[in-house]
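Given chain C, put chain U in place with the hints provided.
2 protein chains.
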Amino acid sequence: MSLIQAKTPPGVMELLPRDQIAFQHFLDTIRRGYERFGFLPVETPVFETVDVLLTKTGGETEKQIYFVQSTGSLQQAKAPELALRFDLTVPLARYVAEHEHDLAFPFRRYQIQRVYRGERAQKGRFREFYQCDIDVIGKDSLPVAYDAEMPAVIYHVFRELNVGGFTINFNNRKLLAGLFENFSLEDGERRKLALREIDKMDKIGRDKVIDSLTGGDIALDRDLAVRLLDAIGLTGSNAEIVAALEAMPGDSELFHQGLSELKAVLEGLRALQVPEEFVKINPAIARGLDYYTGTVYETFLNDFPGVGSVCSGGRYDNLASHYTKSKLPGVGISIGATRLFYQLKEAGVIKADRSTSAVLVTQLDPSLSADYLAIAADLRAAGINTEVQFEASKIAKQLKYADRAGIRFAVLMGTDEQARGTVTLKDLTKAEQHDVPRAELAERVRGLL
Amino acid sequence: MSLIQAKTPPGVMELLPRDQIAFQHFLDTIRRGYERFGFLPVETPVFETVDVLLTKTGGETEKQIYFVQSTGSLQQAKAPELALRFDLTVPLARYVAEHEHDLAFPFRRYQIQRVYRGERAQKGRFREFYQCDIDVIGKDSLPVAYDAEMPAVIYHVFRELNVGGFTINFNNRKLLAGLFENFSLEDGERRKLALREIDKMDKIGRDKVIDSLTGGDIALDRDLAVRLLDAIGLTGSNAEIVAALEAMPGDSELFHQGLSELKAVLEGLRALQVPEEFVKINPAIARGLDYYTGTVYETFLNDFPGVGSVCSGGRYDNLASHYTKSKLPGVGISIGATRLFYQLKEAGVIKADRSTSAVLVTQLDPSLSADYLAIAADLRAAGINTEVQFEASKIAKQLKYADRAGIRFAVLMGTDEQARGTVTLKDLTKAEQHDVPRAELAERVRGLL
Numbered sequence: 000m001s002l003i004q005a006k007t008p009p010g011v012m013e014l015l016p017r018d019q020i021a022f023q024h025f026l027d028t029i030r031r032g033y034e035r036f037g038f039l040p041v042e043t044p045v046f047e048t049v050d051v052l053l054t055k056t057g058g059e060t061e062k063q064i065y066f067v068q069s070t071g072s073l074q075q076a077k078a079p080e081l082a083l084r085f086d087l088t089v090p091l092a093r094y095v096a097e098h099e100h101d102l103a104f105p106f107r108r109y110q111i112q113r114v115y116r117g118e119r120a121q122k123g124r125f126r127e128f129y130q131c132d133i134d135v136i137g138k139d140s141l142p143v144a145y146d147a148e149m150p151a152v153i154y155h156v157f158r159e160l161n162v163g164g165f166t167i168n169f170n171n172r173k174l175l176a177g178l179f180e181n182f183s184l185e186d187g188e189r190r191k192l193a194l195r196e197i198d199k200m201d202k203i204g205r206d207k208v209i210d211s212l213t214g215g216d217i218a219l220d221r222d223l224a225v226r227l228l229d230a231i232g233l234t235g236s237n238a239e240i241v242a243a244l245e246a247m248p249g250d251s252e253l254f255h256q257g258l259s260e261l262k263a264v265l266e267g268l269r270a271l272q273v274p275e276e277f278v279k280i281n282p283a284i285a286r287g288l289d290y291y292t293g294t295v296y297e298t299f300l301n302d303f304p305g306v307g308s309v310c311s312g313g314r315y316d317n318l319a320s321h322y323t324k325s326k327l328p329g330v331g332i333s334i335g336a337t338r339l340f341y342q343l344k345e346a347g348v349i350k351a352d353r354s355t356s357a358v359l360v361t362q363l364d365p366s367l368s369a370d371y372l373a374i375a376a377d378l379r380a381a382g383i384n385t386e387v388q389f390e391a392s393k394i395a396k397q398l399k400y401a402d403r404a405g406i407r408f409a410v411l412m413g414t415d416e417q418a419r420g421t422v423t424l425k426d427l428t429k430a431e432q433h434d435v436p437r438a439e440l441a442e443r444v445r446g447l448l
Numbered sequence: 000m001s002l003i004q005a006k007t008p009p010g011v012m013e014l015l016p017r018d019q020i021a022f023q024h025f026l027d028t029i030r031r032g033y034e035r036f037g038f039l040p041v042e043t044p045v046f047e048t049v050d051v052l053l054t055k056t057g058g059e060t061e062k063q064i065y066f067v068q069s070t071g072s073l074q075q076a077k078a079p080e081l082a083l084r085f086d087l088t089v090p091l092a093r094y095v096a097e098h099e100h101d102l103a104f105p106f107r108r109y110q111i112q113r114v115y116r117g118e119r120a121q122k123g124r125f126r127e128f129y130q131c132d133i134d135v136i137g138k139d140s141l142p143v144a145y146d147a148e149m150p151a152v153i154y155h156v157f158r159e160l161n162v163g164g165f166t167i168n169f170n171n172r173k174l175l176a177g178l179f180e181n182f183s184l185e186d187g188e189r190r191k192l193a194l195r196e197i198d199k200m201d202k203i204g205r206d207k208v209i210d211s212l213t214g215g216d217i218a219l220d221r222d223l224a225v226r227l228l229d230a231i232g233l234t235g236s237n238a239e240i241v242a243a244l245e246a247m248p249g250d251s252e253l254f255h256q257g258l259s260e261l262k263a264v265l266e267g268l269r270a271l272q273v274p275e276e277f278v279k280i281n282p283a284i285a286r287g288l289d290y291y292t293g294t295v296y297e298t299f300l301n302d303f304p305g306v307g308s309v310c311s312g313g314r315y316d317n318l319a320s321h322y323t324k325s326k327l328p329g330v331g332i333s334i335g336a337t338r339l340f341y342q343l344k345e346a347g348v349i350k351a352d353r354s355t356s357a358v359l360v361t362q363l364d365p366s367l368s369a370d371y372l373a374i375a376a377d378l379r380a381a382g383i384n385t386e387v388q389f390e391a392s393k394i395a396k397q398l399k400y401a402d403r404a405g406i407r408f409a410v411l412m413g414t415d416e417q418a419r420g421t422v423t424l425k426d427l428t429k430a431e432q433h434d435v436p437r438a439e440l441a442e443r444v445r446g447l448l
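Residue numbers (numbering that gives the first Met the number 0), protein chains in the order written: chain C, 0 to 448; chain U, 0 to 448.
FYI, nobody ran anything at the bench for these hints, they're computed from the structure. Just so you know, these numbers come straight off a predicted model, no measurement behind them. No residue lacks a Cβ here, since even glycine has one placed at the ideal position from N, Cα and C. Honestly, I wouldn't trust all of these hints.
[Claimed, not checked] Cut-off 25 Å, straight-line C-alpha distance, at most; resulting in silico cross-link-like pairs (DMTMM-like, lysine to aspartate or glutamate): (1) U/Lys262 <-> C/Asp352; (2) U/Lys344 <-> C/Glu97; (3) U/Lys344 <-> C/Asp101; (4) U/Lys122 <-> U/Asp18; (5) U/Lys429 <-> C/Glu34; (6) C/Lys399 <-> U/Glu34; (7) U/Lys350 <-> C/Glu99; (8) C/Lys6 <-> U/Glu276; (9) C/Lys425 <-> C/Asp352; (10) C/Lys326 <-> U/Glu13; (11) C/Lys279 <-> U/Asp377; (12) U/Lys138 <-> C/Glu13; (13) U/Lys324 <-> U/Asp289; (14) U/Lys262 <-> C/Glu390; (15) U/Lys344 <-> C/Glu99; (16) U/Lys399 <-> C/Asp250; (17) C/Lys279 <-> C/Glu159; (18) U/Lys262 <-> C/Asp370; (19) C/Lys262 <-> U/Asp364; (20) C/Lys207 <-> C/Asp229; (21) C/Lys429 <-> U/Glu34; (22) C/Lys77 <-> U/Asp364; (23) C/Lys202 <-> C/Glu61; (24) C/Lys425 <-> C/Asp370; (25) C/Lys350 <-> U/Asp377; (26) C/Lys344 <-> U/Glu34.
[What the hints assert, rightly or not] Per the computed footprint, the stretches of chain C lying under chain U, defined by three or more beta-carbons under 8 Å from a beta-carbon of chain U, are: (27) 97 to 109; (28) 269 to 280.
Just chain C, same shape as in the assembly (with noise of 0.2 Å):
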C-alpha cells in the first residue's frame, strides 16, 4: 500500500502536547477572567447557513468564506447551503435574535471559539483561529458605563495572562464625527472614507494619510487636514487630552456628546481601580468598521508594537437589524488568541508548559504490576494526575520518558522496598530523590507541588 503524506492543511496552528497545555492555559484564563466579570458562556455552532451569515460581509471577507456541502448536495451540484464562521459577532446576532424571548438583558455572553478564514497563507496569518470575545447586549439602550467595563476586563485578563505591559488605547467615533462636522466635512460618505484613512496612519504615516484626506472623493483643503491631523494626533496624559480636546473651538455636538462619552468611561475606570498607566486617550484609533458607532479599543504590547492590536472592539448602535426589529445596543471586544499565542511563543515569552500530569509510576519489576496500579489509584483519590508506565523497559529509559513528557515526579518501588513498605520519589527538576512510606506518598508529593 502506497502511503498519503500526513499533513495538516495550511494555514491551522496544531501543537505538540507541552504547547498544547501552554495554549489550554492560556484560553482558561481568558476565560476565567471573563467570568470573573460576570460573562456567560455561549457555543454556536462552527456553520451557519449562508443566508445568516452573508448579510453582514462585503468586500475582503466576502472572499474570504469557506462553504460548506455535504457529499450529496456536492454530487448534486447544489450551490452551498451552510458556510464556516468568519467571525463570533454575525453568531451572535443570529443567536439573540432567535433566543431573544428566552435571555435576560442586558446579556452578557462570552463566546471562546474558532473562527475561518481564507487568508493567504503565509507566517503568522491563520485560516482557523480562536477568537475569544465578550459582549454586553442591551435591549433598546444600554448605558456608557458598560463601555468602561470592556478595558477592565481586558485589563484584569492580560494581567493574569502575564505578557508583559500593554496599553488599552480607546478613543470615541462620536469624537472623530464631531471632529469632522468641525472640520467641514459633513458629508456621511466622504466620513467613511476619511475614518478609514486616518486607520492606516500607524502603516502608512501622516504625510500618505494628508495626501489622501486632500485628495480624491474626500478632497479636504490642506489646512483643515492638517488641524484635523493635529486634533487626531494629540498626545499626553489622558487628562491633558481631555483639556486639549476641551479648549477645541466648534459646535459639533457631536464632538461634545463623544467627549462626554469618552471622560465618563475615563471616570468608570478610576472607579474600577484600573491604573492610568494601563488605559490611554488615543484619538487616532478609528477601528475601520462602520459598524462601531461610539467608543472604541484596541490594545497594544508595549515590548512587541508590531503584533498590533491584540484585542480590539467597541460600541454599536445595533447588533441584529438584518435578523430582528428589536433595537439592540451593544459593547464588545475580542482577543484573537492563537495568533496571540503563536507570536508571544515565537517571542519566547511563552514556554512549553510542564505535563498535566505530575507523576509516573515506572514499572520496574513486572511481578509488582498491581501494586503500581493501587499506587496510581491512591494519588489520583488525592486528586493528582497521575500516570503509570506498563512497559516494563529499562528504568533509564522510563525517566527519559517522563522528563521528555514534562512530567515532573516519578515513583520507583522494588521488591525490597515493597517489604518495607516504602517508595522512592524522584523530583526530576531537581535531581532530588526521597524514600517515602508508601502510605505518605500522596501527601508528600502534594506538599511538593
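Chain U only, in chain C's frame:
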C-alpha cells in the same frame, strides 16, 4: 430592509446560557478525569485534506462527509480539497504520523472537540457533536495492561459525571474469532459478516441473528449457529463467565489468547480498584468496525438502556498504516458528549445550572455608581465572579433579572447604607437578606458559597 430569519442550521445542539454552563461543567469533568489518568491534550484543525480524511472511510461514512471550499475554489468549480473531520481517530492517526519523532511513546492523548456527519436530521441525532476521546499509542508494541486502564478511566469519569448506575461491558475480538474457529467459521470474509450480524443482537434479536448466520454468504450450520450464540450469550458473574469459557471445547489458539487477555483485563481492573459491579464481561459485544483487534468496550446507563452505548472503544493493531510504516498499536475509548448530554437533559437527570456569576451588584442609586464598581472590584479580587448592573431600572426588575440568570446573590446599597458602611446581601435562593459591613462582604459571600 426585509429581515432574514435567525435560525441555527438543522442538526446542531445550541444551548441557552444556563444549559451551556451545565454542558461546560460536563465537558470539564470529562477533561479533568482524563487528565487525572495522565492523558495529555491535543487539538487538531476542524478540517483535514480530503486525501488524509478519506483513507479510512467506506460505506455510510463516505456519504456523510462535509466538504469545505473557499470562495475562490468554489468559483473555479474545483473539487474540494478539505473536509470536516467525522471522528477524532483519523486526525489522531494523521497527528501521530506527522509528529511521530516529537512525541514520547507510549503516547497518551485526550481530545475533546466537535466532529461532523451529514446525518439525516432527526431528534437526538446530531450533525455536529462533541467527541471526548482518549487513546494510548505504543511504538511497535503496547502491553495488554493498558486495556485494563480504559474501563478504569470510564469508571472514574462516569462516577464524577453523576449520571446514576452504569455498566462497562467488555469483550475480546480474539475470543470471538477463536469461537468462530472452534465453530468452523474460519474464512475471513464470512467471519466479518458474522461479526456484523452478532453486533446487531440487541437491535434485531437472537432469532433474526440465527437466520442471518445460517443464510446468505455466511451459511453456518444451524446447530453450530445455535451453539455459537449460546457461547456468546453466556451470562453470570465475571468469574462464572470466565469459568464457562475455560471449560469450552476447541483448540483455537486465538480463543485462548483472547481469553487470557480478558483475564488480564479483569485482573488489572481489580488492581485499579474498579468495583466488580461496574464491569461486566459480555461475549456478545463485537463492535461493528473491523478496525478493532482485541479488547472492545461498550458502556450502558443502567436506568437508560435505550440510549445505547455511551462510551465505546477498543484495542487496535495499527493506528496509522495509511500514513506511516511504523507500527503503532493502541487502545482507546470515546464519549459522544453532545448526544449523552442531550439525552440526560431530556430525561431530567441534568438540569440547567446556576450562573457562573455568583453576585449581582445592583444599581439602586446612580449617584453611588462608583461605589458599586468598587464593591465589584473587591469581590472580584477575592475570586468571586461578579456582575454590576448599570441600568438604574426598578430594583424589582434588577432582582428578577438576577434570579432569571441564575445568579445567587444580590448586593444592594443606598445612601443610608453607604453612610453606615454596610450593604444588604440578598440570597435569592432562600429569600434571605443580611446587613453586612462593606469590608466583610467578600468574606461573607465566600463563606456562603
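For each hint, the structure was consulted:
1. The hinted pair formed by lysine 262 of chain U and aspartate 352 of chain C fails the criterion: a straight-line CA distance of about 39 Å is larger than 25 Å.
2. For the hint pairing lysine 344 of chain U with glutamate 97 of chain C, the CA-to-CA distance comes to about 21 Å; that is within 25 Å, so the pair holds.
3. Straight-line distance between C-alpha atoms of lysine 344 of chain U and aspartate 101 of chain C comes to about 18 Å, which keeps the hinted pair within the 25 Å bound.
4. Taking the CA atoms of lysine 122 of chain U and aspartate 18 of chain U, the gap is about 18 Å. The hint holds against a cut of 25 Å.
5. About 24 Å separates the Cα atoms of lysine 429 of chain U and glutamate 34 of chain C, which keeps this hinted pair within 25 Å; it holds.
6. Distance hint between lysine 399 of chain C and glutamate 34 of chain U is fulfilled; the C-alpha atoms sit about 21 Å from each other, no more than 25 Å.
7. In summary, the hint linking lysine 350 of chain U to glutamate 99 of chain C is supported, as the alpha carbons are separated by about 21 Å, within the 25 Å threshold.
8. About 44 Å separates the Cα atoms of lysine 6 of chain C and glutamate 276 of chain U, which puts this hinted pair outside 25 Å; it is violated.
9. Under the criterion of a C-alpha separation no larger than 25 Å, the hint pairing lysine 425 of chain C with aspartate 352 of chain C is consistent with the structure, at around 20 Å.
10. For the hint linking lysine 326 of chain C to glutamate 13 of chain U, the alpha-carbon distance of about 23 Å falls within 25 Å, and the restraint holds.
11. A distance of roughly 24 Å separates the Cα atoms of lysine 279 of chain C and aspartate 377 of chain U; the hinted pair therefore holds under the 25 Å criterion.
12. Pair hint lysine 138 of chain U plus glutamate 13 of chain C holds up; C-alpha atoms about 22 Å apart against a cutoff of 25 Å.
13. Taken as a hint, the lysine 324 of chain U and aspartate 289 of chain U pair is honoured in the structure, with Cα atoms around 20 Å apart against an allowance of 25 Å.
14. This hinted pair checks out: lysine 262 of chain U and glutamate 390 of chain C have alpha carbons roughly 19 Å apart, not beyond 25 Å.
15. Pair hint lysine 344 of chain U plus glutamate 99 of chain C holds up; C-alpha atoms about 22 Å apart against a cutoff of 25 Å.
16. This hinted pair does not check out: lysine 399 of chain U and aspartate 250 of chain C have alpha carbons roughly 43 Å apart, beyond 25 Å.
17. A threshold of 25 Å between alpha carbons decides the hint, and for lysine 279 of chain C with glutamate 159 of chain C the separation of about 20 Å falls inside it, so the pair holds.
18. Of the pairs offered as hints, the one joining lysine 262 of chain U and aspartate 370 of chain C holds, with about 18 Å between alpha carbons and a cut-off of 25 Å not exceeded.
19. This hinted pair checks out: lysine 262 of chain C and aspartate 364 of chain U have alpha carbons roughly 20 Å apart, not beyond 25 Å.
20. Between lysine 207 of chain C and aspartate 229 of chain C the alpha-carbon distance is near 15 Å, which keeps this suggested pair within the 25 Å criterion.
21. Restraint check for lysine 429 of chain C and glutamate 34 of chain U: the C-alpha separation of about 24 Å stays at or below 25 Å, so the hint holds.
22. Proximity of lysine 77 of chain C to aspartate 364 of chain U is assessed by CA-CA distance (about 59 Å); at most 25 Å being required, the pair is judged violated.
23. The hinted pair formed by lysine 202 of chain C and glutamate 61 of chain C meets the criterion: a straight-line CA distance of about 24 Å does not exceed 25 Å.
24. Taking the CA atoms of lysine 425 of chain C and aspartate 370 of chain C, the gap is near 18 Å; set against the 25 Å cutoff, the hint holds.
25. With a CA separation close to 32 Å, the supplied pair lysine 350 of chain C and aspartate 377 of chain U exceeds the 25 Å bound.
26. The straight-line distance between the Cα atoms of lysine 344 of chain C and glutamate 34 of chain U is roughly 24 Å, inside the 25 Å bound, and the hint therefore holds.
27. Closer than 8 Å: that is the beta-carbon criterion, and the segment 97 to 109 of chain C has 9 residues meeting it against chain U, so the requirement of 3 holds.
28. Figure legend: the segment 269 to 280 of chain C, annotated as covered by chain U; annotation consistent (4 residues with Cβ-Cβ distances under 8 Å, at least 3 required).
Of the numbered hints listed earlier, those contradicted by the structure are 1, 8, 16, 22 and 25.
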